[in-house]
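Participant: Each residue of the sequence shown is one higher than the one before, starting from 1 at the first, in UniProt numbering.
Hint data in this document are derived by calculation from the structure and do not stem from the laboratory.
Errors might be hidden in some of the hints.
[Stated by the list, open to error] Here are the simulated lysine-lysine pairs, DSS-like style, with alpha carbons at most 25 Å apart:
1. K159 x K51
2. K51 x K71
3. K159 x K194
4. K159 x K135
5. K194 x K48
6. K360 x K319
[Claimed, not checked] Pair by pair, the computed Cβ-Cβ distance ranges are:
7. P108 x N17: 29 to 37 Å
8. S160 x T30: 17 to 25 Å
9. T266 x T361: 31 to 39 Å
10. L174 x V272: 26 to 34 Å
11. Q128 x T4: 50 to 58 Å
12. T87 x Q12: 27 to 35 Å
13. M314 x E195: 43 to 51 Å
14. V272 x N118: 50 to 58 Å
15. M314 x A117: 29 to 37 Å
In this text the structure is predicted, and so the values were computed from the model without any measurement.
The C-beta atom is built at its ideal place from N, Cα and C for all residues, glycine as well.
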Amino acid sequence: MPITVSLINQQQCYAGNDRIRGRIVFQCSTPTEIQDIRVTFSGRAKAKVQKTKGSAAPAASYRSKCMLFEKERILWHPNGDTVAPDTYEWPFEFVFPSHVQPASSRWPETLPFRSDANHPLPPTFAAQTHDSLRKLECTIEYRIHAQVFRPQRGFLGRKSPLFSEVIRLNFLPLEARLELKGTDDYPTTYQQQKEQLFNIRSMLLLPENRGRSLKMQEKIQSWLSPGQLPRFSFKASFSYPTRLVQSTPIPCFLDITPFMEDSSVTSPPDIVMQSLSISMIIQTAARAAPSLMGALSGQVDERIEILSRTSLGMPVMGKVDLGQAFGPLRIRHTDVSFRTFNISRTYRLCASFSFECAGKTSTFDIPDLPVELLADSQEPEKATQSFERHFAEAESPPPYASASTLSTSSITTPEKA
1 MPITVSLINQ QQCYAGNDRI RGRIVFQCST PTEIQDIRVT FSGRAKAKVQ
51 KTKGSAAPAA SYRSKCMLFE KERILWHPNG DTVAPDTYEW PFEFVFPSHV
101 QPASSRWPET LPFRSDANHP LPPTFAAQTH DSLRKLECTI EYRIHAQVFR
151 PQRGFLGRKS PLFSEVIRLN FLPLEARLEL KGTDDYPTTY QQQKEQLFNI
201 RSMLLLPENR GRSLKMQEKI QSWLSPGQLP RFSFKASFSY PTRLVQSTPI
251 PCFLDITPFM EDSSVTSPPD IVMQSLSISM IIQTAARAAP SLMGALSGQV
301 DERIEILSRT SLGMPVMGKV DLGQAFGPLR IRHTDVSFRT FNISRTYRLC
351 ASFSFECAGK TSTFDIPDLP VELLADSQEP EKATQSFERH FAEAESPPPY
401 ASASTLSTSS ITTPEKA
């Protein structure tokens, strides 16, 4: 490659305010007319949304590209002169921003996206997913791009570079990393609780009837006079974390509390958990800005089963550590949560429990509990592995930018190697 980019202090994963230092090397083998040589450091979010319903053939695709930031330097500006064969070098240095540049008004504020100015820079991301309605391809990339341009010939001359090279960088914001010293140190401030009160009325609550089935005559009597039946109340509480760390155990607890003051029986009956289910809903969302074809957005949900048990027959009373009772609750590695102009990645925890008490079945459903998925601060590079697989091949370079948009202070003199 006639032009190469090498990083001096390359890291597996960058964060906001990290410095990036390197050198651009241009090997000119023959006399060549050069307009300029430049290096660009940029972040962009690209999405493609495609309809998949009602047609066997692929429907029209709606695309969007949002520049999260862009920093450009002119390394050399021969202005069309012929450059002698030689090897040239230039140092460069950039600082990773921690927030996006303000976007144009074409990005309205719509959940689950965000359009507020200077919101946190999203992590490196790449995903392809679909359902019966939409097919989504989403990419958030950060890259160093070196380009060599020839003089433009004519008004309609080509603006593509003569030579170019791209190096992509992994980025994970500090806000998306949670410091954990051990699996038992999960911050209690992140624990939330959902609860439900259950009221049981049954003749089987009486001590002499426990352990047997009601006869038909007793069932009819219960249907005709429900207000005269013995009653018992208990509360089921589910505790869960609003923040999760990739690949670490999820601390979830079930608490069963009898309310004897609201009950007509003298002692609490047996409460048996028959089944439970805990799952995670991963939502990937993308949108295309208004264009000649209009606008389109899509959201695709994927479910990951964390724990599922049936026919348990497990007596429950008091606080139950579900991880201790059924083994560590984990989800497979996935991307951290984020929201930006045209792409978002969010998570929802869902849980369901079935109890049997005095011949009555009660269901405790807790759907759509928003949670935030963070990276382990000790291993941030895992958050960007899917991105590296997705970009095995380089993409086309961006179009030529007018030199009038650059400050003259960015022009430097080449250094011969």
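Participant: Compare the structure with the hints numbered earlier in the document and write down the numbers of the violated ones, lowest to highest.
Facilitator: 1, 2, 3, 4, 5, 9, 10, 11, 13, 15
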